[in-house]
Each structure stands twice: as structure tokens, then as C-alpha cells.
Amino acid sequence: MKLNKEFLIHKTDKETVLVPTGNAAFSGVVRGNKTLGAILELLTKETTKEKIISALKERFDAPEDKIEEDVAKALSELSKIGALDE
Amino acid sequence: MKKTYKIAGLNISVSSLYENVHRLCADYISDGEPDIAVITNQSDIDFERKKADGRYSDGYLETLAVYRKIAETMPEHDTVLCHGSALAVDGEGCIFVAPSGTGKSTHARLWRQYLGDRVIMINDDKPLIKITKNGAFVCGTPWDGKHRLSANITVPLKALSVLSQAKENSIRQTEPSEAYAALLQQVYRPKNARALMKTLDLIDTLTAQIRLYSMECNMDIEAARIAYEAMKG
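In order, the protein sequences belong to chains U and Z. If you count the first sequence from 1, position 47 lands on 46 in numbering that gives the first Met the number 0, and the numbers rise without skipping. If you count the second sequence from 1, position 233 lands on 232 in numbering that gives the first Met the number 0, and the numbers rise without skipping.
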């Protein structure tokens with residue numbers, strides 16, 4: 000899976016924002032924390048859910064099941080708004 | 000038919016199928032060499048019809064198509080279209096942004112009631128904002144909302160207020176990070192990814208240059224007094 004090309008990642012000083020172009024059906028803005036920022040960065044290249052979880056476990060000092068839960072939730076939400084090419 | 004108009008400092012030639020857009024832009028006529036060329040066709044009008052909520056003439060829909068094409072190219076010229084009500088007080092610009100139906104135009108009207116002739120409406124619906132290293136400027140355009148309130152002028156933009164409805168009036172200054180998402184929702188997002196990237200960079204620059212506020216307001220004139228006292232800098 001990979002981030003759809005109609006969605007851009009933009010980082011402000013405090014958060015990561017995912018913004019669709021005018022071509023995307025979704026017209027909102029997704030705001031997220033560091034975890035979502037890391038997930039989005041990984042999605043700029045072809046990857047899998049398992050690879051994302053593995054990368055986040057290395058990067059963040061959080062319980063494994065919490066990371067798995069966060070990744071699953073983020074991917075589900077991104078899929079719903081058409082931000083993922085699966 | 001084809002005519003050229005000077006909008007936000009740029010000469011824009013507009014080739015249209017219908018006359019409506021030329022009537023709309025009459026105050027902005029220019030004989031300058033075009034910086035941007037906009038050409039519309041029936042498919043642009045059909046696209047606007049799909050987006051529009053209601054039944055409109057092709058001529059009216061073409062006016063929207065022309066502005067969409069202008070907005071698409073504006074980031075290249077360090078300019079963005081912002082859905083908001085912009086006015087100037089004593090020559091300094093401020094803009095109110097919020098989702099449709101919140102009361103941007105109503106709030107701007109309260110400022111006119113409170114401050115009288117000191118207020119000039121720059122654009123009550125879709126002004127352009129030019130963002131430079133030397134500051135931001137808000138520009139009047141002919142696409143000025145249902146009350147047709149605008150002026151063909153450009154003034155320095157000093158403040159932006161994100162409005163929300165409330166029973167009681169209150170206003171506070173905010174950090175760029177707080178205003179960013181709300182502003183992003185009201186700025187035109189180009190179809191072209193590179194133009195969108197430029198738009199996001201321009202918003203970063205803009206929010207670092209001007210004073211930002213979050214205001215909860217009702218429809219009493221007191222809302223204008225509180226807002227003006229806080230925003231006058």
C-alpha cells in the first residue's frame with residue numbers, strides 16, 4: 000500500500016497535516032500527532048501494515064499492542080477517505 | 000469574447016463563452032499585457048454545475064469556472080484565494096474566516112455599523128491574499144458574494160480571525176498552529192499537487208506574518224466592538 004498521490008503531507012511546528020488536492024473526493028484536512036506523521040512518511044513509499052508496525056516499534060517507546068492498534072486505526076481511517084492506494 | 004482584467008496586481012486575459020464574467024469584472028478592466036490567460040469551455044461550465052447546489056445559468060456558472068482557473072494558477076504568483084470576509088479599517092486589512100453559514104458577512108456588517116466610514120469592504124466572500132517576504136496583502140476581486148460588497152483595492156493584511164457562533168462574545172489571540180487547520184479549510188486547494196504544496200508553504204508564511212485570533216461571537220454590535228478592540232494591534 001502507498002499514500003495516494005492526491006494527498007500531501009505537511010508538517011507544522013506542532014502537528015502533521017494531511018491535505019488533499021482539489022482532485023480528491025475528500026475535502027477535509029486530517030490532523031495528527033507524531034505517530035500519524037511517522038505512518039504517513041512510511042506510506043510515501045510502497046509498504047505493508049506489518050512493515051509500518053515494525054518500523055514504529057523501533058522508533059517509539061510504546062507498548063506493542065498500542066502501536067498495532069494505532070496503526071490499524073490510522074490505516075482504516077486513511078482508507079475510508081481514499082488516501083491509500085491498496 | 001476576450002478581455003483583460005487586472006486582479007491582485009496581475010493582468011488576466013479571460014476568454015469566455017458568455018458575457019456574464021465580463022460584466023462581473025468590468026471595474027477591473029485593463030489594457031496591460033496578460034500575465035495569465037484563462038479560457039473556459041462548456042466542460043468547465045458542466046463541472047461547476049455538478050459542484051453547485053441549485054439551478055444556475057451557464058453564464059453564471061462560467062463566472063465560477065473562470066475564478067476557479069484563476070485560483071488554480073495563483074499560487075505560482077504567491078497568491079491564494081481565501082473564503083472569507085475581508086475589510087480594511089484605516090487602511091489596514093483584516094479577514095474573517097469560518098465555514099459557510101457561520102456569519103462572516105454578518106460580523107463584517109457589524110464592523111461597518113460600529114466603525115462607519117472607517118471601514119472599506121475589500122471582498123465579502125472570496126478575496127485574494129498575496130503573500131510576500133515584506134508582508135501579506137489582501138486584494139479586492141469581483142467575486143464578492145451575494146451582497147456584492149468589494150472594492151478594487153489592495154491593503155496590507157494585518158489580522159485574521161477564525162469565527163465561531165456563540166451566545167457570548169469572546170476573542171483571543173492564537174498561535175499559527177491553532178489557526179492553521181481552520182485556515183486551510185477555507186483556502187482554495189488546487190488540483191495540481193505542486194500548486195497545493197506551494198499553497199501550504201504560503202499559508203505557513205502568512206500565519207507567521209499576521210496576527211491570528213479565534214473569536215466566538217453572536218450577532219450583537221458588541222461583537223464588533225470586542226473584536227475591533229482586540230484586533231486593532
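Incorrect hints may have been included.
[Stated by the list, open to error] Derived Cβ-Cβ restraints for the label pairs, each shown as a range:
id, chain 1, residue 1, chain 2, residue 2, range
1, U, 12, Z, 131, 32 to 40 angstroms
2, Z, 105, U, 61, 25 to 33 angstroms
3, Z, 155, U, 22, 43 to 51 angstroms
4, Z, 53, U, 40, 38 to 46 angstroms
5, Z, 155, U, 85, 43 to 51 angstroms
6, U, 79, Z, 200, 36 to 44 angstroms
7, U, 61, Z, 172, 49 to 57 angstroms
8, Z, 76, U, 61, 41 to 49 angstroms
9, U, 60, Z, 147, 40 to 48 angstroms
10, U, 63, Z, 200, 32 to 40 angstroms
11, U, 22, Z, 25, 29 to 37 angstroms
12, U, 45, Z, 112, 56 to 64 angstroms
13, Z, 45, U, 48, 53 to 61 angstroms
14, U, 81, Z, 174, 40 to 48 angstroms
Worth flagging that the hints you see were computed from the coordinates, not collected in a lab. Backbone N, C-alpha and C define an ideal beta-carbon position, used for all residues, glycine too.
Here's how the hints hold up against the structure:
1. Range check, residue 12/U to residue 131/Z: about 22 angstroms between beta-carbon atoms, so the 32 to 40 angstroms window is missed.
2. A hinted range of 25 to 33 angstroms for the beta carbons of residue 105/Z and residue 61/U is inconsistent with their spacing of about 47 angstroms.
3. Taking 43 to 51 angstroms as the suggested C-beta distance range, the pair residue 155/Z and residue 22/U does not conform, at roughly 34 angstroms.
4. Range check, residue 53/Z to residue 40/U: Cβ separation about 42 angstroms, and the 38 to 46 angstroms hint holds.
5. Separation of residue 155/Z from residue 85/U is about 47 angstroms and conforms to the stated range, judged on CB atoms against 43 to 51 angstroms.
6. Between residue 79/U and residue 200/Z the beta carbon distance is about 28 angstroms. The supplied range of 36 to 44 angstroms is therefore violated.
7. Distance hint check for residue 61/U and residue 172/Z: the Cβ-Cβ separation is about 35 angstroms, which falls outside the suggested range of 49 to 57 angstroms.
8. Checked against the hint of 41 to 49 angstroms, the C-beta distance between residue 76/Z and residue 61/U comes to roughly 45 angstroms, which is consistent with it.
9. For residue 60/U paired with residue 147/Z, a C-beta distance near 58 angstroms fails the hint of 40 to 48 angstroms.
10. The hint said 32 to 40 angstroms for the Cβ distance between residue 63/U and residue 200/Z, and at roughly 37 angstroms that hint holds.
11. Distance hint check: the CB atoms of residue 22/U and residue 25/Z are about 33 angstroms apart, consistent with the given range 29 to 37 angstroms.
12. At roughly 58 angstroms, the beta carbons of residue 45/U and residue 112/Z sit within the given window of 56 to 64 angstroms.
13. The hinted range of 53 to 61 angstroms is not satisfied by residue 45/Z and residue 48/U, whose Cβ atoms lie roughly 40 angstroms apart.
14. Checked against the hint of 40 to 48 angstroms, the pair residue 81/U and residue 174/Z fails, with Cβ atoms roughly 31 angstroms apart.
Taken one by one, the earlier hints fail for this structure at numbers 1, 2, 3, 6, 7, 9, 13 and 14, listed in ascending order.
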